[in-house]
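Chemist: When you get a sec, could you build the whole thing from the sequences and use the hints?
In the numbering used here, the protein residues as written are 1 to 77.
It is possible that some hints are incorrect.
What the hints assert, rightly or not - Below, simulated SDA-like cross-link-like pairs (lysine to any residue); rule was C-alpha separation at most 20 Å, straight line:
| # | residue 1 | residue 2 |
| --- | --- | --- |
| 1 | Lys71 | Trp49 |
| 2 | Lys42 | Leu31 |
| 3 | Lys42 | Gly32 |
| 4 | Lys51 | Gly19 |
| 5 | Lys51 | Lys69 |
| 6 | Lys51 | Ser26 |
| 7 | Lys51 | Met23 |
| 8 | Lys51 | Cys39 |
| 9 | Lys71 | Leu52 |
| 10 | Lys51 | Pro36 |
| 11 | Lys51 | Arg34 |
| 12 | Lys51 | Leu33 |
| 13 | Lys69 | Leu52 |
| 14 | Lys51 | Trp40 |
| 15 | Lys51 | Gly32 |
| 16 | Lys43 | Gly32 |
| 17 | Lys51 | Val38 |
| 18 | Lys43 | Leu33 |
| 19 | Lys51 | Arg30 |
| 20 | Lys71 | Asn50 |
| 21 | Lys69 | Glu47 |
Unchecked claim - Simulated DEER-style distance windows between Cβ atoms:
| # | residue 1 | residue 2 | range |
| --- | --- | --- | --- |
| 22 | Ile5 | Glu47 | 48 to 56 Å |
| 23 | Ala6 | Leu33 | 35 to 43 Å |
| 24 | Lys43 | Ala6 | 54 to 62 Å |
| 25 | Lys71 | Trp40 | 28 to 36 Å |
| 26 | Asn45 | Thr22 | 25 to 33 Å |
| 27 | Ile11 | Lys43 | 44 to 52 Å |
| 28 | Cys39 | Ala6 | 44 to 52 Å |
| 29 | Val38 | Asn7 | 21 to 29 Å |
| 30 | Ser68 | Asn44 | 55 to 63 Å |
| 31 | Asn7 | Tyr27 | 26 to 34 Å |
No lab work stands behind these hints, which were simulated from the structure alone.
The beta-carbon is built from N, C-alpha and C at its ideal position, and this holds for glycine as well.
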Amino acid sequence: VVSTIANATLIPLFIFIGGGCTMSLSYLARLGLRNPDVCWDKKNNPEPWNKLGPNDQYKFFAVNMDYSKLKKDRPDF
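Modeler: Printed below as a string of structure tokens:
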């Protein structure tokens with residue numbers, strides 16, 4: 001802490017590196033918790049991707065796509 005106060009030019013470096021680490025860890029947590037390809041509970045829900053409806057949005061960013069108006073075009077398993 002004392003050496004960073006002596007070199008004030010290093011403070012923005014630590015801020016940006018800390019922010020980048022925080023954003024990357026939050027994105028990895030989102031992938032692990034919200035992605036339908038990840039299965040944490042194999043006993044109760046072994047294939048979570050089969051329970052997705054046609055209007056469920058699981059992509060991070062969708063350009064010009066309204067998921068609420070999609071209709072079901074695949075069979076039930």
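Chemist: Are the hints correct? Go through all of them and say.
Modeler: Each hint tested on the structure:
| no. | hint | result |
| --- | --- | --- |
| 1 | Lys71 with Trp49 | holds, 17 Å |
| 2 | Lys42 with Leu31 | holds, 17 Å |
| 3 | Lys42 with Gly32 | holds, 15 Å |
| 4 | Lys51 with Gly19 | violated, 35 Å |
| 5 | Lys51 with Lys69 | holds, 18 Å |
| 6 | Lys51 with Ser26 | violated, 25 Å |
| 7 | Lys51 with Met23 | violated, 29 Å |
| 8 | Lys51 with Cys39 | holds, 12 Å |
| 9 | Lys71 with Leu52 | holds, 12 Å |
| 10 | Lys51 with Pro36 | holds, 9 Å |
| 11 | Lys51 with Arg34 | holds, 13 Å |
| 12 | Lys51 with Leu33 | holds, 16 Å |
| 13 | Lys69 with Leu52 | holds, 15 Å |
| 14 | Lys51 with Trp40 | holds, 15 Å |
| 15 | Lys51 with Gly32 | holds, 17 Å |
| 16 | Lys43 with Gly32 | holds, 18 Å |
| 17 | Lys51 with Val38 | holds, 13 Å |
| 18 | Lys43 with Leu33 | holds, 17 Å |
| 19 | Lys51 with Arg30 | holds, 19 Å |
| 20 | Lys71 with Asn50 | holds, 16 Å |
| 21 | Lys69 with Glu47 | violated, 25 Å |
| 22 | Ile5 with Glu47: 48 to 56 Å | holds, 55 Å |
| 23 | Ala6 with Leu33: 35 to 43 Å | holds, 41 Å |
| 24 | Lys43 with Ala6: 54 to 62 Å | holds, 56 Å |
| 25 | Lys71 with Trp40: 28 to 36 Å | holds, 30 Å |
| 26 | Asn45 with Thr22: 25 to 33 Å | holds, 30 Å |
| 27 | Ile11 with Lys43: 44 to 52 Å | holds, 49 Å |
| 28 | Cys39 with Ala6: 44 to 52 Å | holds, 50 Å |
| 29 | Val38 with Asn7: 21 to 29 Å | violated, 42 Å |
| 30 | Ser68 with Asn44: 55 to 63 Å | violated, 28 Å |
| 31 | Asn7 with Tyr27: 26 to 34 Å | holds, 31 Å |
The structure fails hints 4, 6, 7, 21, 29, 30 (numbered hints given earlier, in ascending order).
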